[in-house]
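S.K.: Produce the entire structure from the sequences given, and follow the hints as far as they go.
Just so you know, the sequences run in chain order A and B.
Position one of the first sequence corresponds to residue 1 (our numbering), numbered consecutively onward.
Position one of the second sequence corresponds to residue 371 (our numbering), numbered consecutively onward.
Any given hint might turn out to be false.
What the hints assert, rightly or not - Calculated pairs, SDA-like style, for lysine to any residue (alpha carbon to alpha carbon, straight line, at most 20 Å):
hint, chain 1, residue 1, chain 2, residue 2
1, B, K515, B, D436
2, A, K90, A, D140
3, B, K506, B, P451
4, B, K612, A, Y70
5, B, K506, B, V444
6, B, K506, B, R441
7, A, K242, B, P378
8, A, K242, B, V637
9, B, K612, A, V267
10, B, K515, B, L447
11, A, K242, B, K460
12, A, K242, B, I383
13, B, K506, B, L452
14, B, K515, B, N450
15, A, K136, A, G68
16, B, K612, A, T268
17, B, K506, B, Q591
18, A, K90, A, Y70
19, B, K506, B, G446
20, A, K136, A, Q191
21, B, K460, B, Q564
22, A, K136, A, E164
23, B, K612, A, P14
24, B, K612, A, A7
25, A, K242, B, Q564
26, B, K612, A, P11
27, B, K506, B, A518
28, B, K506, B, L447
29, B, K612, A, E164
30, B, K460, B, I486
31, A, K145, A, V78
32, A, K242, A, E164
33, A, K90, A, V74
34, B, K506, B, A461
35, B, K460, B, D436
36, A, K242, B, A377
37, B, K612, A, P8
38, B, K515, B, E546
39, B, K460, B, E511
40, B, K515, B, R549
In short, the hints are calculated from the structure, not lab data.
There are 2 protein chains.
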Amino acid sequence: MTQKDPAPRFPSIPDISERDSVDQFHREELQLALRNRGMPLEAMRYPITPSGIHYLLTHFDIPDVDAGQYRLNVGGLVSNPLSLNLNDIKARPSRTMAVTMECAGNGRSLLNPRVISQPWFTEGIGNAEWTGTPLKGILDEAGLKNEAVNIVFSGADQGIQGDEVQVYQRSLNLEEANREEMMLVYEMNGQALQPQHGYPLRLLLPGWYGMASVKWLDSIQVIGEEFQGFQMTTSYRYTQVKGEPGEPVTLIRVRALMVPPGIPDTVTRNRLATTGTHLLTGRAWAGRLGISRVEVSVDGGLGWSDATLGEQASTFAWRPWSFEWNAVPGWHTLSVRATDTDENVQPVEQFWNAQGMGNNMAQQVRVLVE
Amino acid sequence: MTQKDPAPRFPSIPDISERDSVDQFHREELQLALRNRGMPLEAMRYPITPSGIHYLLTHFDIPDVDAGQYRLNVGGLVSNPLSLNLNDIKARPSRTMAVTMECAGNGRSLLNPRVISQPWFTEGIGNAEWTGTPLKGILDEAGLKNEAVNIVFSGADQGIQGDEVQVYQRSLNLEEANREEMMLVYEMNGQALQPQHGYPLRLLLPGWYGMASVKWLDSIQVIGEEFQGFQMTTSYRYTQVKGEPGEPVTLIRVRALMVPPGIPDTVTRNRLATTGTHLLTGRAWAGRLGISRVEVSVDGGLGWSDATLGEQASTFAWRPWSFEWNAVPGWHTLSVRATDTDENVQPVEQFWNAQGMGNNMAQQVRVLVE
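M.R.: Here's what the structure looks like:
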């Protein structure tokens with residue numbers, strides 16, 4: 001650069017040795033980010049997320065399931081054990097529903113100190129249209145015995161976590177399992193599930209964080225006690241200290257996100273926008289609750305103004321919002337936060353916990369207006 | 371942990387302050403990894419990569435293109451300027467071809483010292499079946515004038531790179547542009563392109579690294595000199611020092627990858643496999659060249675043995691290979707390297723360059739056999 005070169009619009013990236021630990025990530029975290037897949041936030045423009053853009057988290061490997069040989073076995077404490085092939089399941093009553101799914105670890109990389117696991121910023125989201133059959137119908141046909149306490153869902157995916165060889169397993173209590181919105185799904189956006197989304201059949205628990213919607217569903221077992229599997233008792237817990245039992249991670253917390261305005265700088269993802277009026281848009285959701293309010297701040301959280309809310313496509317789908325921003329020259333930090341129908345408001349400070357779960361801190365977007 | 375606990379199978383992750391810079395990544399690199407999308411290597415089991423698993427690199431944002439209003443304009447040094455809508459293009463002669471696409475930056479994160487850009491390890495790949503019309507037919511209809519030197523392809527995506535506001539643009543010389551395999555494509559795996567893959571129309575240059583296959587194709591301009599756009603003269607260059615002109619990045623170099631055997635450890639992605647025989651499988655490709663040999667090492671590169679080659683689906687599609695591995699207890703480093711029909715062999719040492727382009731160093735997979 002000669003002395004005549006203008007100052008660059010966007011600050012350059014300092015040497016890594018000069019950065020705080022919160023700006024440094026491990027090789028293992030990056031490996032996970034490259035296997036798993038975030039939804040680029042500009043894709044919130046689509047009310048229904050194309051399946052190839054929807055977020056995706058795979059705990060182990062994507063398993064190789066032969067749909068022709070596939071059987072879902074329902075057993076344990078039932079009076080009528082079932083073994084259903086894919087056609088049996090498709091022949092049952094079907095329902096299609098738009099559901100916003102979010103990873104329980106979304107927001108993890110905004111935590112300080114950070115936790116080593118899938119390092120999402122805010123892109124662990126998506127809103128697809130799922131088709132399948134109600135879980136309750138299957139459970140009713142199998143006939144739960146009086147001693148039934150938990151329903152255990154096992155996937156076909158296998159790996160090691162916490163030094164324990166395991167298949168991916170999650171459980172539900174009877175009240176949750178019998179809710180009418182719980183489904184076994186075989187289509188996403190009108191097409192057979194792609195392999196990475198759980199082909200040929202997955203569980204879908206609207207309102208819950210994504211870990212509960214077991215992919216590549218292999219069996220449903222009814223048991224007479226609380227299930228003690230790794231993904232229930234060790235992982236997916238809100239804890240303050242590693243190893244303490246804490247509380248289970250369950251329903252999606254309230255969150256709003258915005259489509260970053262203007263155009264991006266390729267490497268830093270800072271934004272450049274023109275002076276004048278911009279219609280900021282985005283989506284908000286709150287698990288099985290509704291959204292009562294979305295507020296936008298254009299000054300880094302000093303002041304908040306109400307956004308206009310649009311209509312939800314279904315009870316479990318995200319709600320659109322918009323806000324007119326009069327952009328004046330200079331650097332701005334835009335932020336958005338939502339309030340749910342139980343009066344929970346997104347925090348502007350981090351929700352720190354030892355596994356980095358459920359951090360719904362308000363998004364911040366840096367924009368240079370010229 | 372009590373004294374009785376067995377030693378963990380996989381080493382734990384050291385504190386980041388104790389790690390080499392090659393194991394530390396910047397926040398900006400991670401942001402890119404979460405927006406862009408790698409193909410999990412177990413997906414090499416599919417001869418045709420499902421579109422939602424195919425690698426994806428977006429330089430700026432995914433643009434919002436209205437297919438109803440869409441027109442491809444072909445102009446500049448042509449005797450018959452064209453303005454084609456999507457139906458015009460679909461009405462032209464069509465062809466479907468399996469093509470292996472790879473990001474020019476694939477392998478970048480294996481470099482030491484590293485370069486800050488999209489931080490792929492080896493997952494920037496995919497092999498889809500593309501449908502479209504030959505580019506040559508369009509150029510012939512437009513009629514290139516005698517003064518024509520370069521064809522410039524502009525995308526609808528816009529952003530900032532090297533402090534320069536730009537739309538994404540790449541160029542080809544006439545010889546390359548007139549090759550029969552070059553296409554304008556509107557379908558991927560038998561369906562309309564998804565937005566992130568260039569909907570409604572993209573360029574597809576089989577044999578070239580992915581940056582050349584301009585997505586969201588907006589216009590084709592024929593010019594009378596070498597195109598001097600940023601993505602030709604500044605980015606996508608093989609250089610040893612930042613800023614020197616170097617050589618352009620063009621065709622895909624030879625590479626083989628294996629499906630990691632056994633099952634993964636969730637965080638480290640180390641593998642656990644059983645003692646006994648494993649059929650190692652994978653794919654190899656070399657741009658517009660063929661694959662003449664694939665070799666596997668089961669001892670970290672000390673010895674190499676020939677793998678068995680399968681049949682390629684098309685000239686530009688990857689070639690399957692397999693190798694029988696007799697796994698004995700202990701830690702092993704598996705590696706694979708390919709040779710192309712021009713006798714280029716994948717290196718086992720890094721191919722360092724200042725932009726981290728075209729690094730086809732042989733893959734290594736750590737496996738614990740028990």
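S.K.: Next, verify each hint and record whether it holds.
M.R.: Hints versus structure:
1. Between K515 (chain B) and D436 (chain B) the alpha-carbon distance is near 32 Å, which puts this suggested pair outside the 20 Å criterion.
2. Simply put, K90 (chain A) and D140 (chain A) have alpha-carbon atoms about 17 Å apart, close enough for the 20 Å limit, and the pair holds.
3. Between the alpha carbons of K506 (chain B) and P451 (chain B) the distance comes to roughly 15 Å, so the proposed pair stays at or under 20 Å and holds.
4. For the hint pairing K612 (chain B) with Y70 (chain A), the CA-to-CA distance comes to about 54 Å; that exceeds 20 Å, so the pair is violated.
5. For the hint linking K506 (chain B) to V444 (chain B), the alpha-carbon distance of about 12 Å falls within 20 Å, and the restraint holds.
6. Proximity of K506 (chain B) to R441 (chain B) is assessed by CA-CA distance (about 18 Å); at most 20 Å being required, the pair is judged to hold.
7. Between K242 (chain A) and P378 (chain B) the CA atoms are separated by roughly 17 Å; this keeps the pair inside 20 Å, and the hint holds.
8. A threshold of 20 Å between alpha carbons decides the hint, and for K242 (chain A) with V637 (chain B) the separation of about 16 Å falls inside it, so the pair holds.
9. Our distance criterion of 20 Å between C-alpha atoms is met by K612 (chain B) and V267 (chain A), whose separation comes to about 16 Å.
10. Of the supplied pair hints, the one linking K515 (chain B) and L447 (chain B) holds, its CA atoms being roughly 5 Å apart against a limit of 20 Å.
11. A threshold of 20 Å between alpha carbons decides the hint, and for K242 (chain A) with K460 (chain B) the separation of about 58 Å lies outside it, so the pair is violated.
12. Taking the CA atoms of K242 (chain A) and I383 (chain B), the gap is near 15 Å; set against the 20 Å cutoff, the hint holds.
13. With a CA separation close to 14 Å, the supplied pair K506 (chain B) and L452 (chain B) stays within the 20 Å bound.
14. At most 20 Å may separate the alpha-carbon atoms for a hinted pair to count; K515 (chain B) and N450 (chain B) meet this at roughly 10 Å.
15. Only pairs whose Cα atoms come within 20 Å are accepted, and K136 (chain A) paired with G68 (chain A) is rejected, the gap being roughly 25 Å.
16. Distance check on the hinted pair: K612 (chain B) and T268 (chain A) sit about 18 Å apart at the alpha-carbon level, within 20 Å; holds.
17. Restraint check: the Cα-Cα separation between K506 (chain B) and Q591 (chain B) comes to about 14 Å, which is no more than 20 Å; the hinted pair holds.
18. At roughly 13 Å between alpha-carbon atoms, K90 (chain A) and Y70 (chain A) fall within 20 Å of each other, so this suggested pair holds.
19. Between K506 (chain B) and G446 (chain B), the direct Cα distance comes to roughly 16 Å. Compliance with the 20 Å bound is thereby established for this hinted pair.
20. With a C-alpha separation of about 23 Å, the suggested pairing of K136 (chain A) with Q191 (chain A) is violated against the 20 Å cut-off.
21. Pair hint K460 (chain B) plus Q564 (chain B) holds up; C-alpha atoms about 16 Å apart against a cutoff of 20 Å.
22. Under the criterion of a C-alpha separation no larger than 20 Å, the hint pairing K136 (chain A) with E164 (chain A) is inconsistent with the structure, at around 32 Å.
23. A distance of roughly 16 Å separates the Cα atoms of K612 (chain B) and P14 (chain A); the hinted pair therefore holds under the 20 Å criterion.
24. With a C-alpha separation of about 19 Å, the suggested pairing of K612 (chain B) with A7 (chain A) holds against the 20 Å cut-off.
25. For a cut-off of 20 Å, the pair hint linking K242 (chain A) to Q564 (chain B) is broken: about 42 Å separates their Cα positions.
26. With a C-alpha separation of about 18 Å, the suggested pairing of K612 (chain B) with P11 (chain A) holds against the 20 Å cut-off.
27. The suggested pairing of K506 (chain B) with A518 (chain B) holds, with an alpha-carbon distance near 14 Å, which does not exceed 20 Å.
28. With a CA separation close to 15 Å, the supplied pair K506 (chain B) and L447 (chain B) stays within the 20 Å bound.
29. At most 20 Å may separate the alpha-carbon atoms for a hinted pair to count; K612 (chain B) and E164 (chain A) exceed this at roughly 46 Å.
30. Restraint check for K460 (chain B) and I486 (chain B): not satisfied, since their Cα atoms lie roughly 40 Å apart, outside the 20 Å limit.
31. Restraint check for K145 (chain A) and V78 (chain A): the C-alpha separation of about 5 Å stays at or below 20 Å, so the hint holds.
32. As the CA atoms of K242 (chain A) and E164 (chain A) are separated by approximately 17 Å, the hinted pair is consistent with the 20 Å bound.
33. The suggested pairing of K90 (chain A) with V74 (chain A) holds, with an alpha-carbon distance near 16 Å, which does not exceed 20 Å.
34. Restraint check for K506 (chain B) and A461 (chain B): the C-alpha separation of about 15 Å stays at or below 20 Å, so the hint holds.
35. Taking the CA atoms of K460 (chain B) and D436 (chain B), the gap is near 16 Å; set against the 20 Å cutoff, the hint holds.
36. For the proposed pair K242 (chain A) and A377 (chain B), the alpha carbon gap of about 19 Å is at most 20 Å, so the pair holds.
37. Pair hint K612 (chain B) plus P8 (chain A) holds up; C-alpha atoms about 17 Å apart against a cutoff of 20 Å.
38. Annotation: proposed proximity of K515 (chain B) to E546 (chain B) holds, straight-line Cα distance about 17 Å (limit 20 Å).
39. Restraint check for K460 (chain B) and E511 (chain B): satisfied, since their Cα atoms lie roughly 15 Å apart, inside the 20 Å limit.
40. With a CA separation close to 18 Å, the supplied pair K515 (chain B) and R549 (chain B) stays within the 20 Å bound.
Hints 1, 4, 11, 15, 20, 22, 25, 29 and 30 from the list above are not met by this structure, while the remaining hints are.
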